[in-house]
Amino acid sequence: DQQVKQNSPSLSVQEGRISILNCDYTNSMFDYFLWYKKYPAEGPTFLISISSIKDKNEDGRFTVFLNKSAKHLSLHIVPSQPGDSAVYFCAAKRDDMRFGAGTRLTVKP
Amino acid sequence: DTGVSQDPRHKITKRGQNVTFRCDPISEHNRLYWYRQTLGQGPEFLTYFQNEAQLEKSRLLSDRFSAERPKGSFSTLEIQRTEQGDSAMYLCASSSQGFDTDTQYFGPGTRLTVL
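Residue numbers (this note's numbering), protein chains in the order written: chain A, 1 to 109; chain B, 110 to 224.
Treat the hints as calculated values from the structure; they're not laboratory data. Model, not experiment: these values are computed from the prediction. Here a beta-carbon is modelled for each residue, glycine too, at the ideal position from N, C-alpha and C. Treat the hints loosely; a few may be bogus.
If you want the ones that stay clear, here's a sample from chain B, every Cβ over 10 Å from chain A, calculated [to be verified]:
hint : residue
1    : Gln126
2    : Arg131
3    : Ala162
4    : Glu165
5    : Ser171
6    : Arg173
7    : Val223
In silico lysine-lysine, DSS-like type, Cα no more than 25 Å apart, as pairs [unchecked claim]:
hint : chain 1 : residue 1 : chain 2 : residue 2
8    : B       : Lys166    : A       : Lys5
9    : A       : Lys68     : A       : Lys93
10   : A       : Lys93     : B       : Lys166
Partial pick of chain B residues on the chain A-facing surface, computed with a CB cut under 7 Å [stated by the list, open to error]:
hint : residue
11   : Gly151
12   : Phe183
13   : Gly218
Sequences are here, hints too, so could you generate the full structure?
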């Protein structure tokens, strides 16, 4: 059962522009949400998280937005840099953690 | 380096053989998780430990799979009688239990290929 969905398998943006990665979930019991970045041949690297009691969390160039009524999560990266090119996974947690299938972000110089 | 480490990084085996993977978590973390990731998918939860106790197992974890964390530190994941469908990346993660802070940190993974 796909409780966490990332409907865009890929996204391409120009360096310096904003990257917006989206994630939808179905289980309203999730209380903690995370974004991970993954480079080839490496494990996922934690990027940023947000509790269900908040609607926004910011860390440098990365901001995560949570819309509980829409069961929607997004990650904004601004400005985007070529080094941000990777696969991004959203994850949602109650007891165990469920991941989306990932979105491959390509930032072009 | 005090991150999560996994050994081996790659394992090629023949169908029917047994394999064992090891995970060393971040030292102060009391929770340890195993995931499996196949191409084009996100990690899928297999099992997790709090200290030495195995608290949850996914239905993905068939009876050919067993995991241990005997002293609450490192963990092993064994797959018996491997099948070609077991070919995947096996990821380990650890976390320190805390309200709103159960962020899991992943190791580099062990890539298993079953021929």
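Hints versus structure:
The beta carbon of Gln126 of chain B sits about 24 Å from the closest Cβ of chain A, which is more than 10 Å, so the claim that it is off the interface holds. The Cβ of Arg131 of chain B sits about 15 Å from the closest Cβ of chain A, beyond the 10 Å cut-off, so the non-interface label holds. Remark: the non-interface label on Ala162 of chain B is consistent with the geometry, its nearest Cβ contact in chain A lying 15 Å away (cut-off 10 Å). The non-interface label for Glu165 of chain B is inconsistent with chain A: the shortest C-beta to C-beta separation is roughly 6 Å, within 10 Å.
With a cut of 10 Å on Cβ distances, Ser171 of chain B stays outside the contact zone with chain A, its closest approach being about 17 Å. The claim that Arg173 of chain B lies off the interface holds: its Cβ sits roughly 21 Å from the closest Cβ of chain A, which is beyond the 10 Å cut-off. Look at Val223 of chain B: its CB is around 19 Å from the nearest CB on chain A, clear of 10 Å, so calling it non-interface holds up. Distance hint between Lys166 of chain B and Lys5 of chain A is fulfilled; the C-alpha atoms sit about 22 Å from each other, no more than 25 Å.
Proximity of Lys68 of chain A to Lys93 of chain A is assessed by CA-CA distance (about 14 Å); at most 25 Å being required, the pair is judged to hold. As the CA atoms of Lys93 of chain A and Lys166 of chain B are separated by approximately 15 Å, the hinted pair is consistent with the 25 Å bound. Residue-level restraint check for Gly151 of chain B holds (minimum Cβ-Cβ distance to chain A is 3 Å; threshold 7 Å). The restraint placing Phe183 of chain B at the interface with chain A is violated, with a minimum CB-CB distance near 16 Å, outside the 7 Å limit.
Annotation: interface hint on Gly218 of chain B holds; nearest CB of chain A at approximately 5 Å, less than 7 Å.
When held up to the earlier numbered hints, the structure conflicts with 4, 12 and fits the remainder.
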